[in-house]
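Asker: Required output: the full structure, derived from the provided sequences and hints.
Chains A and B, in that order, are what the protein sequence lines are. Residue numbers are given in the working numbering: position 109 of the first sequence equals residue 109, and the series is strictly consecutive. The number in the working numbering is simply the position in the second sequence, starting from 1, with 1000 added.
Everything labelled a hint here was simulated from the structure, so no lab data went into it. Fair warning: this is a prediction, and the values are worked out from it, not measured in the lab. Incorrect hints may appear among the rest.
Here are the simulated SDA-like cross-link-like pairs (lysine to any residue), alpha carbons at most 25 Å apart as the crow flies [as the list claims (entries may be wrong)]:
no., chain 1, residue 1, chain 2, residue 2
1, A, 132, B, 1044
2, A, 162, B, 1044
3, B, 1264, B, 1207
4, A, 132, B, 1011
5, A, 220, B, 1040
6, A, 160, B, 1028
7, A, 160, B, 1038
Now the in silico label distances, taken between C-beta atoms and shown as ranges [as the list claims (entries may be wrong)]:
no., chain 1, residue 1, chain 2, residue 2, range
8, B, 1003, A, 46, 41 to 49 Å
9, B, 1046, A, 259, 49 to 57 Å
10, A, 92, B, 1235, 44 to 52 Å
11, A, 133, B, 1003, 33 to 41 Å
Heads up, the beta-carbon is just placed ideally off N, CA and C, and yes, glycines get one too.
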Amino acid sequence: MNSFARRCQAVRHDIVDMAESAKRGHIPSALSLVEILVSLYDYHLHFDANQPLDPDRDRLILSKGHGCMALYALLADKGFFPKAWCQAFCAFEGMLGGHPEERVPGVEATTGSLGHGLAIGIGMALAGRMQKRNFHTYIILGDGECTEGSVWESALAASKHKLDNLTVLVDFNGWMSFGPTQEVGNLEPFEHKWNAFGFATQTVDLNKEPEALVSALNVKVPGKPRCFICKTIKGKGIDFMEGNLDWHHKSKLDADEIAAMRQSLKRSEGHA
Amino acid sequence: MRKRALDTVFALAQQDERVVYIGSDVGQGTLQGFQESIPERFFVEAISEAYVIGMAAGMAMTGFVPYVNTIATFLTRRCLDQIAVDLCIGNHPVRLVANGGGLVYAPLGPTHEAIEDIALMRCLPNMTVLVPCDAEEMERAVRASLDWSGPIYIRIARGGESVVSLPERGFFIGKAIEVRQGEKLLIATTGVMLQTALEVQDIMARAGYNLGIVHFHTVKPLDTAWLANQLGPYSHVASLEEHSVIGGLGSALAEWLCENGDHKLKRFGIPDRFADRFGNQAKLLSYFGLDAASIAKELQAWVKPS
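Answerer: As structure tokens, then:
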């Protein structure tokens, strides 16, 4: 394992720890996000965890809010809040719920109802332009989320406004709750759609090349919003979860299941 | 009233750099002066209301005070999830300036008639609901909205209504205006039904009634202090609104009176059904029994003169 892979693996362990504390969670949807979030938080986002409301910070909106465990793991790691908060995931007295809320330091927008994040991100990007600030706004969508009409309303507007200070990243893990995204939602030709809506679009395969996004994000396209379609695996790192819809959302995890997750993660470390 | 509302938004924008106008495919020429003088804070977006609410939320999260303007039904019915999640949970200062509150668009049919907008907005935590009665009060309402901390729904009625509000009574969000003190029977109004209430009062006075009138330009937060302290002379309260009898001012008063008063309550509003006639606003109001003569007749059958 190289350092990037080790880093991602540590985040996956944090996600399992969080799921263990609450005995629940959208685990596979968090696991597919890890390479995207590590690429952003470790290499691209400008922020100061001690000043989470710094007006010049880059913004990241996790529009597919159900993947929040991955976001919480990164925010805790970066120091936005104590790691102990993660051990109270979904607890009555906890700060971190099953979907991200703005009152949590580092969380830019309350999400969980799908199809909201891109519009909010456009508002932030336009606000940055009006204020003549140089921050960049990143929005992470799920592929299933892209069957929401509001995503495409917003996509039209992002290119109308020529928002080159805005980047969409689609966590394309290929699955919705009921089945494969292509069967339930018929998104293809997906890259063509984003191109046709005026985005500078690039597909990156994070399964074959986990670090591909780190360099791909360096390429800026003047006058255009960008879209990176990131090929990922739902449940990545835990073999019995990958492509297994039974695991989309669990609300009663037992100790054996948690142990099996850890064992599977360990095995995947051996293979890498 | 709409022109005054938008002109006031423009006036606020000239003095405060946080103010942004966002229309959703509004009519050509809307706020042309704003567009020409402050183009960077003037947005007319496509017919994409759900996006527009999110966009306004993103701007509000970044320090602006956006005034979002389009037809009331499209703002409220279509965007309820965006309003709840993007605006209300975070308590962001977006103002929803809603054209055609009530039956203004009578000729266009029920797709355009906002008969449940107050109900939809009133049940959302953190939302404030303003329903001014005339252009003068609308200007005061929009000015008062600038520094209010959370989201506000501002309902615009038809244009050309007579001016009945008085500047000396001021405008404070959440404070009812007692228009006339009476005894026994009180009419509580919101929006342009205040004008109808004044007509009702003329008719009733001739029949020996001494009607009280209170105007709730703010339906939420309801001025419960006024209710607690000023209902003494009255045994009967009639609510009057250009809105469904479910969920609007009448419901708000019913909720409060059930727990705090022993007054009789009668709700005048649009019955729980969609309009099946067109014509114009006045005709449709009359069809639903919301003209002064019908209301006065029903009140006289309900309460004897004092």
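Asker: Look at each hint and say if it fits the structure.
Answerer: Evaluation of the provided hints:
no.: 1; hint: A/132 <-> B/1044; verdict: holds, 21 Å
no.: 2; hint: A/162 <-> B/1044; verdict: holds, 15 Å
no.: 3; hint: B/1264 <-> B/1207; verdict: holds, 21 Å
no.: 4; hint: A/132 <-> B/1011; verdict: holds, 23 Å
no.: 5; hint: A/220 <-> B/1040; verdict: holds, 24 Å
no.: 6; hint: A/160 <-> B/1028; verdict: holds, 19 Å
no.: 7; hint: A/160 <-> B/1038; verdict: holds, 19 Å
no.: 8; hint: B/1003 <-> A/46: 41 to 49 Å; verdict: holds, 44 Å
no.: 9; hint: B/1046 <-> A/259: 49 to 57 Å; verdict: holds, 52 Å
no.: 10; hint: A/92 <-> B/1235: 44 to 52 Å; verdict: holds, 47 Å
no.: 11; hint: A/133 <-> B/1003: 33 to 41 Å; verdict: holds, 34 Å
Taken one by one, the earlier hints all hold for this structure without exception.
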